Every structure is written in C-alpha cells, then in structure tokens.
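Dock chain to chain to rebuild the complex, using the hints, since each chain is given by itself in its own frame.
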Amino acid sequence: MNNLIKKFFFFLKKIGSVFFEIFSSIGEIVLFFFNSVRYLFTGQFYTKIFFLQLIKIGYNSLPVVGLTSIFTGMVLALQSYTGFSRFSAESAIPNVVVLSITRELAPVLAGLMVAGRSGAAIAAEIGTMKVTEQIDALKTLSTNPYNYLVIPRVFAGVISLPILVFIGDIIGVLGGYLICTQVLNFNPVVYLQNTYNFVQFLDVFSGLVKAFVFGFIITFMGCYYGFNAKGGAQGVGMSTTYSVVSSSILILLMNYILTSLFFNL
Amino acid sequence: MRKVKIRIKNLSKNFGDKVVLKNLNLDIYESESLAIIGESGTGKSVLTKCIDGLEDYDSGIISYENIDNIRNLNTQKKNEYLGKFGILFQNAALLDSLTVEENLKFCKKDNFKKILNDVALPESLLNEYPNNLSIGVQKRIGLARAILKSPEILILDEPTTGLDPIIGKQINSLIKKLVKEKKITTITVTHDMQSVYEFSDYTAFIKKGSISWYGKSNEIKKKGNKSLLNFINGLY
Ligand SMILES: Nc1ncnc2c1ncn2[C@@H]1O[C@H](COP(=O)(O)OP(=O)(O)OP(=O)(O)O)[C@@H](O)[C@H]1O
Ligand SMILES: [Mg+2]
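Quick mapping for you: the protein sequence lines, in order, are chains P and W.
Each residue of the first sequence is one higher than the one before, counting from 0 in numbering that gives the first Met the number 0.
Each residue of the second sequence is one higher than the one before, counting from 0 in numbering that gives the first Met the number 0.
Keep in mind the hints are simulated off the structure, nothing from the lab.
As the structure is a computational prediction, the values presented were derived from the model and not from experiment.
Any given hint might turn out to be false.
Pairwise CB distance ranges (calculated) [said to hold, decoys possible]:
no.: 1; chain 1: W; residue 1: Gly-233; chain 2: P; residue 2: Ile-28; range: 47 to 55 Å
no.: 2; chain 1: P; residue 1: Arg-37; chain 2: W; residue 2: Ala-119; range: 41 to 49 Å
no.: 3; chain 1: P; residue 1: Gly-231; chain 2: W; residue 2: Asn-68; range: 26 to 34 Å
no.: 4; chain 1: W; residue 1: Ile-134; chain 2: P; residue 2: Gly-26; range: 33 to 41 Å
no.: 5; chain 1: P; residue 1: Ile-54; chain 2: W; residue 2: Asn-73; range: 35 to 43 Å
no.: 6; chain 1: W; residue 1: Ser-133; chain 2: P; residue 2: Leu-252; range: 41 to 49 Å
no.: 7; chain 1: W; residue 1: Gly-135; chain 2: P; residue 2: Gly-231; range: 15 to 23 Å
no.: 8; chain 1: W; residue 1: Asn-71; chain 2: P; residue 2: Gly-26; range: 16 to 24 Å
no.: 9; chain 1: W; residue 1: Pro-164; chain 2: P; residue 2: Gly-15; range: 52 to 60 Å
no.: 10; chain 1: W; residue 1: Gly-135; chain 2: P; residue 2: Ser-141; range: 26 to 34 Å
no.: 11; chain 1: P; residue 1: Leu-201; chain 2: W; residue 2: Glu-151; range: 53 to 61 Å
no.: 12; chain 1: W; residue 1: Ser-226; chain 2: P; residue 2: Ser-141; range: 37 to 45 Å
no.: 13; chain 1: P; residue 1: Ile-21; chain 2: W; residue 2: Asn-116; range: 49 to 57 Å
no.: 14; chain 1: P; residue 1: Ser-141; chain 2: W; residue 2: Met-192; range: 33 to 41 Å
Calculated pairs, DSSO-like style, for lysine-lysine (alpha carbon to alpha carbon, straight line, at most 30 Å) [said to hold, decoys possible]:
no.: 15; chain 1: W; residue 1: Lys-17; chain 2: P; residue 2: Lys-13
no.: 16; chain 1: W; residue 1: Lys-76; chain 2: P; residue 2: Lys-229
no.: 17; chain 1: W; residue 1: Lys-168; chain 2: W; residue 2: Lys-113
no.: 18; chain 1: P; residue 1: Lys-6; chain 2: W; residue 2: Lys-17
no.: 19; chain 1: W; residue 1: Lys-215; chain 2: W; residue 2: Lys-182
no.: 20; chain 1: P; residue 1: Lys-47; chain 2: W; residue 2: Lys-77
A virtual CB, placed ideally from N, CA and C, is assigned to each residue, including glycine.
Chain W on its own, in the form it takes in the complex (with noise of 0.2 Å):
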C-alpha cells in the first residue's frame, strides 16, 4: 500500500515575469525512490527547493504528512521541516571555508570514514579543501554529507553528473542501495537515465513547468508519452 508523503498541488513559482512551474502537481511517496527528469531550464531544481522549503512559492499547496502547507509555517518550524531533507545540491555546495574532513563532521562527528569508502573516495581527501578538488569529486563529498544526516526524505539534484561512466555506474548502485535497503523516500533530480531505471520506482516528467508524464520507470518504453519518448531518445 503506497502511502503519500508530501503532496504538490497547483503549484506555480514566477521569478518576476519569468514562469517556472506552472499548475504542477505531483505525489511524492514513502519509501520510494522517484526521478525527475527534463529538459534543462524547466524548474527541475526550483522544484526540489520548493519542497524541501529552501524557496518560496506563488500559489499552490505543498503538504507533508499533518503540516497543510509548508508556505504557513514560521521560521522555527520551517528549519525543522527543512532539517527532515539530506540535499546532494547541484553544485554541491560544500562549505569551502573547511576541509573535507570538516564538511563531514558537520552534522555527524563519528562514523563518517566509512562513508568515504562508499562514495569511492580515498581518506588523504580529508584534509583537502573543496575548491581544490574536481566536481565529480565535490559531488560525491555533496552525496556523503546528504547522506551522513540519516535524513528522512533524500533530494539529489544531478548526483552522476560530472562523474565518468565507472564511478557513476558506481554511485547508482550505492543509491540503490540505500533507497532498497533503507527504504528512504528519495527525490532524484537526473539526466541520467541509468540512475532512473536502477533506482528509481517511479518517473516524473516535467515539460512546460508541469508534470507532463508520471509511471513506474520500468514502463517508461512501454507507456510513455511522445514528448518523452522523444526526450529520452535525444529527439526534439
């Protein structure tokens, strides 16, 4: 029996003139893996911010378990709400004033060696500065910082990008294996559609700042809209 966790309707955030997400609405379930994919540019990250609180919307409702919307609560409440979400950010958005060691140790003071090895990092990382390290490398530091949290809801915003086919092949199989064993509810931001097949239960797709298609990933080639049969074939 599926069980909804957050609920997203009617939602729509402009940036001044500009609409991002226009009428959008969308299911987030727990524990589930679901992947959003699109076009670059059509809100893909707006929308994961919307809902791990870190923007504001225009109109709509973001519901999460008995809190009706999101948008209504005040400051204390929302660090809290915020404080249930690990966020691989796109750019990783490590702290560059610390170290990597520093960066773990953020919210979790023991235990975090071992995630290095999960990420396939090397431990004399450690003591390396993020800015100094490649962006393939930052991003998986990104993973094991959103991860150490023990979070209850995992948004990852590109987390292959950047990285080479081996350590990527290698990424997705430690997402798979936190979302299948650890049954986290997971929100997975990707253009890379190795990531939504192995991991991810259910595909979002969004066009025009709406949910254009919504399945089970593995129905994808099967029931598939044309629009995003024609995206995931690199057709226009």
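For reference, chain P alone in the conformation it holds in the complex (with noise of 0.2 Å):
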C-alpha cells in the first residue's frame, strides 16, 4: 500500500516536471523575445548581414519553394478535376486552385519547407557558435549577440517569406494552369480569365499575411534553440530537431488562427 502511494506520488512529480519543462521554456522564449525587441531599439543594426541571410533564407530557398508550388498546383488541378467532373463542375477548377494556392497551400508549404531548410541551419550555424565559445567570443568583441546574430536573421525572415510565397502563388497557379491546359484540355484563355475575375486581394493578403508570421517563426525559433544549445555535437543536433519540429508545429497551429481570423473577414 506504502508502495502503491509512492509511486503515485512519483507519477504526480513526473506530470508536474514536464509540466514545469513546458511553462519554463515558454517563459525563455518570451524573455529571449523581449530581449530581442529591446535590442533591436537599443542597439545597432547589422545591415551587412541581414543582406546576406536574405539570399541565404529567401534567395536560397526559391527552387525549394519553386518546386513545391508547382507540384501541389498541378496535383490540386487533377485531383479538383476527378471530383468536379463527377458533377460537371470542371469550370470552378481555376477558382478552386487559386484560392487553396493563395489562402492556405502556397504560405503553409513554403512556410515548412523553409523551416527544415533555413530554420534547421540557422539553429545548427548558431548552435556551433554557442557550443564552440563564438557567442561568448563576441560579447568580449563587445558585440550584443542579438543584434549581431538574431535580428539580421529574423529581419531577412519576416521580409523573404511573403516574398516567396508571393512567388510560390504565381507558380502554383501556373502548374494548374498547365495541367487543365495541357492535360484537361481546358481553353488557356478562359483559365487566366477565371482565375483572374475570381481571386481577391484578400485572399493573397492573407496567405502573405501567414507568410509574415511563419517568417519570423521559423527564424525565431531557429535562433532560441541554437542560442540554447549544449554540449557538443549531439547537442547542436539536438537544437535542430527542436527548431524544426517546434516551428512546424507553431506553423500548423498559427496557420489554424490566421485562417480563423480572416474567415471572419
């Protein structure tokens, strides 16, 4: 009986640490995120190399977020048809393809494709230095590492994903269009036609608006765990994983909130 307490009391110390985990790390992002604010006020701005993560985030990360939108375009295409032609609705393709592209396909793919790209090698980049004494190394080149390493990155961020995703749009637009011409036989000029009398700005709006936000999660979450990184190599590995699952999760979810959000629009 004596036993069976105790091992209820350890699994009540075990629900309470993970809860303690949870509610302690989510107060260290809040703080690294105020620090990050305050700095940004603060201290200087590191033009150099918010240029350079801007080709390495949103330059870069083109032929991935190319590619994505293209297939997910054409597949959106087939797929829409194979449904619609079962009750004569072929028309409404364009319009179904364009509104998935803007409003939810294009921001949330390019959105976790950037993530495993970009996130992962800002979090493993700034992990090594954490590990390897380079953070430490420029604080005595009295050098803030926020505004040196976390602003540049999250700037490039919140500023390449709209971006790319503005692009992804045209592409994935483009790759129901080929198919339904090409494949579906559709006419080429009254695909364009719909597609363009149908979308609206606010369903472009708010997949850039979605972009905006995955920008900066990506790239936040990139730069918190490499800043927490330890140990050695299996630690900065470590640090990659959590940025990658965790920002693809806060994607998944702010994706959910944004749309909430603009269906009440």
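Written as structure tokens, this is what we have:
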C-alpha cells in the first residue's frame, strides 16, 4: 500500500516536472523575444548580415518553394478535376486552384519547407557558435549577439517569406494552368480569365500575412534553439531537431488561428 | 605597492551535482601577471569565465574596483565589465563565418597587420577561414585578437598549447613583452611551465576546486607545497 502511494506521488512528480518544463521554456522563449525587441531599439543594426541572410533564407529557398508550388498546383488541378467532373463543375477548377494556393497551400508548404531548410541551418549555425564559445567571444568583442545574430535573421525571415510565397502563388497557379490546358484541354484564355476575375485581394493578402508570421516563427525559433544549444555536436543536433519540430507545429497552429481570423472578415 | 584589482572570495561553482570550484579565494593584482596551473579538469577555465562574467557562479563574491559583486550587475553593466577583458579562449573561438582579416578587424579597424608579425604569422593568412587553419595558428590569431583590443585585463587560456617549441617560445616572449612593458594585468591558464617562469609574477595552483598554493613564480621550487612540486614534476 505504502509502495502504491509512493508510486502515485512519483507519477504526480513526473507530470509536474513535464508541466514545469513546458512553462519554463515558454517563459524563456518570451524572455528571448523581449530581449530581441529591446536590443532592436537600443543596439546596432548589422545591414550587411541582414542582406546576407536575405540571400540565404530568401533567394536560396526559391528552388524549393518553386518546386513545391508547381507540383501542388498540378496535383490540385488533377484532384479537383476528379471530383468536379462527377457533377460537371470542371469550370470551377481555376477558382479552387487559386484559392487553395494563395490562402493555404503556398504559405503553409513554403513555411514548412523553409523551416526544414533555413530554420535548421540557423539553429545549427548558432548552436555551433554557442558550443564553440564563439558567442562568448562576440560578447567580449563588445558585440551584442542579439543584434549580430538574431535580429538580422528574423528581419530577413519576415521579409523573405512573403516574397517567396507571392512567387509561390504565381508558380502554383501556373502549375494548375499547365495541367488544365495541356492535359485536360481547357481553354487557356478562359482559365486565366476565370482565375483573374475570381481571386480577391484578401485571398492573396491573407496568405502573405501568414507568410510574414511563419517567417518570424522559423527564424526566431531557429535562433532560440541555437542560443540554447548545450554540449557538443549532439547538442547542436538536438537543437536543430527541436527548432524544426517546434516551428513546424507552431506554423500549423498559427495557420489555423490566422485562417479562423480571416474567415470572420 | 601591490593593488588588488579583482578579489575572489569563497567562490563556489557547480554544474548540477558536480562541484567544480569550492570556496576559492584569490586576489588578482593590478599590472601583475598571474599564472593559474593545475590538473586537467580542475576548473581553471571555469574560474576564468567566472572572473570575466561569462559564467555565473553559485555563491561567493567576485569584486572589481568599485563593483562589489559582479554577479549583481545588470546585463548592460555586465557587458561593459566584460568589455574590459581581452580573452584568448582555450579553443581560440574565432568566428568561423569570417576570414582571419575580418576576425582581427572585428574590434579594431587599423593596425591589425602589424600584430600578425608579433604572433609569427604571415600576411598571406588574412584571407583564410579559421576552419582551414591548424589549432596552433588559430590560437595565435585568437591571441592577436585579444591583444588588439588593448584590454585592461588579459585572460589567456593556454596560449602555448598546440604550438611547437620554437613558436611557443616566441609567444612566451611576446606575452612577456606585453606584461613587462605595457603592464597589462594578465591571467594565464597554462600547462607550460615555461610560461610560468618567463612572464608570470605570481602563480596560483588549483587543486580540487580551490587554491592549494599561491606565491611568487620564482619561488615555486623553493617554497612550493608537496602537491605542487609533485604536479610540476609529473609525479602523482
Ligand atoms: N558547461 C559545462 N557543463 C557541465 N560541466 C562543465 C561545463 N564546463 C565545464 N564543466 C566541468 O567543469 C570541470 C572543469 O572544467 P574546466 O574546463 O574548467 O577544466 P580545466 O581546468 O580548464 O581543464 P583543462 O586543463 O583540461 O583545460 C570539468 O570537470 C568539466 O567537465
Ligand atoms: Mg581549460
């Protein structure tokens, strides 16, 4: 009996410690955020690093985002044809394609791809700097690591992602257009006209707002987990994994929240 | 007349359950050169990081001039304090995304070429990236970076480890010149007794997380306690 009570308390303790860890890491993330904001206004802005990151996060992600978008557009056209042809609603395909791409698929897929690509790279780079004492060295060189590492990356993220997604929108629609005109024998002019007449400002805009938020999540979480890397190569590996997993989850969560906000507009 | 610059009282530092420093007392005097020696893993590097503020400690006091306890400084004050130090890290810690030139220019834009000569490196290295260089070369660049800052206090974590005897000797005389001519307060962690005898006025021997012996470097052989003498003679 005594043993059972002990086990019960042990169990409670375990649950408690899990919650404690969740809350303390949320606290740390919030603190990290406030520090970044504070130093954004009080510290130096490293323009050169910002542009370098713009190339790394934005420009270099173009192929991945482009490929994802074109295939998504193509698949979307084929799948909706399968469904819509059953009740002769094929003419709605351009609308479905452009709506799904701009509002949903381009931002989310680009976000997830860039999280895997750039978020991981940021966490690995900063994590390595952390465990090899390069961040300590920065501090002794009177350089604030938030200003030098975090702020340029986050800025590059929130600017790149909307641009990437906008390009992804166009390529995605193009993918649907290619399938419909080349495979399904749609009239090209009608397809484009349908698309153009149907799409609204809010469709594209809501996608770009999502992209902005995702850009923040990816770069910020990458930096946060990099800064908190411990130990050697193994620790860097773990922080990379955490950064990708947590930013992917946050992207899906924020996507739902933002979608429901825009749904009510 | 010796003047205390940094006073360490009852310093303790643990990592989880592992006790690294335990009630350590040590004074660091202005314009003097102090060597810290001791077995691998006794906490020499950790001690230097407590001194310069990169690592928090669990209890005790580190005071510097009019700062009572550096642990109580706010972030901004702490960064200012940290800025007084020029630090050569044990693993050099050069910024690996930057070339050697950019690393050296990081805190001082001019005059950085002259220093290469002092640390016995050719100018052709300037465009290399740190990862392509041997650790001996990296450490000399790290040393150059620490000196270039013209710091108030110099912390050198094993400046001659990884160097061949000839370059090691050259680096020792370079540090000696800095210490004797510029009178920079210097803390050197080392396993190289050459560094101890050549440019360290005083020596602190750490054992089991506290200072086991402290005294003039040139009196080690005469006055050193048994564990220190065994240590430098490689006996157990
Ligand atoms: N971040 C850390 N987390 C956990 N333990 C640590 C950490 N840093 C140092 N230690 C431990 O503290 C002890 C002292 O380490 P330190 O690097 O100061 O040794 P050292 O005296 O400089 O040795 P060496 O001469 O080999 O450089 C070691 O046992 C080490 O494992
Ligand atoms: Mg060490």
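Outcome of the hint check:
1. W:Gly-233 / P:Ile-28: 47 to 55 Å: 50 Å Cβ-Cβ, so the 47 to 55 Å window holds.
2. P:Arg-37 / W:Ala-119: 41 to 49 Å: holds (43 Å)
3. P:Gly-231 / W:Asn-68: 26 to 34 Å: holds (32 Å)
4. W:Ile-134 / P:Gly-26: 33 to 41 Å: The hinted range 33 to 41 Å holds for W:Ile-134 and P:Gly-26, with Cβ atoms some 39 Å apart.
5. P:Ile-54 / W:Asn-73: 35 to 43 Å: holds (37 Å)
6. W:Ser-133 / P:Leu-252: 41 to 49 Å: holds (48 Å)
7. W:Gly-135 / P:Gly-231: 15 to 23 Å: holds (22 Å)
8. W:Asn-71 / P:Gly-26: 16 to 24 Å: holds (22 Å)
9. W:Pro-164 / P:Gly-15: 52 to 60 Å: Given a distance of about 58 Å, which is inside 52 to 60 Å, the answer is holds.
10. W:Gly-135 / P:Ser-141: 26 to 34 Å: Holds: the Cβ-Cβ distance is about 27 Å, inside 26 to 34 Å.
11. P:Leu-201 / W:Glu-151: 53 to 61 Å: Cβ of P:Leu-201 to Cβ of W:Glu-151: about 60 Å, so the range 53 to 61 Å holds.
12. W:Ser-226 / P:Ser-141: 37 to 45 Å: With Cβ atoms ~40 Å apart, the hint holds.
13. P:Ile-21 / W:Asn-116: 49 to 57 Å: holds (55 Å)
14. P:Ser-141 / W:Met-192: 33 to 41 Å: About 34 Å separates the Cβ atoms of P:Ser-141 and W:Met-192, which means 33 to 41 Å holds.
15. W:Lys-17 / P:Lys-13: Judged against 30 Å, a Cα distance of about 23 Å means the pair holds.
16. W:Lys-76 / P:Lys-229: holds (26 Å)
17. W:Lys-168 / W:Lys-113: holds (19 Å)
18. P:Lys-6 / W:Lys-17: Since the Cα atoms of P:Lys-6 and W:Lys-17 sit roughly 28 Å apart, the hinted pair holds (cutoff 30 Å).
19. W:Lys-215 / W:Lys-182: holds (17 Å)
20. P:Lys-47 / W:Lys-77: Roughly 27 Å between the alpha carbons, so the hint for P:Lys-47 and W:Lys-77 holds.
Checked against the numbered hints given earlier, this structure breaks none of them.
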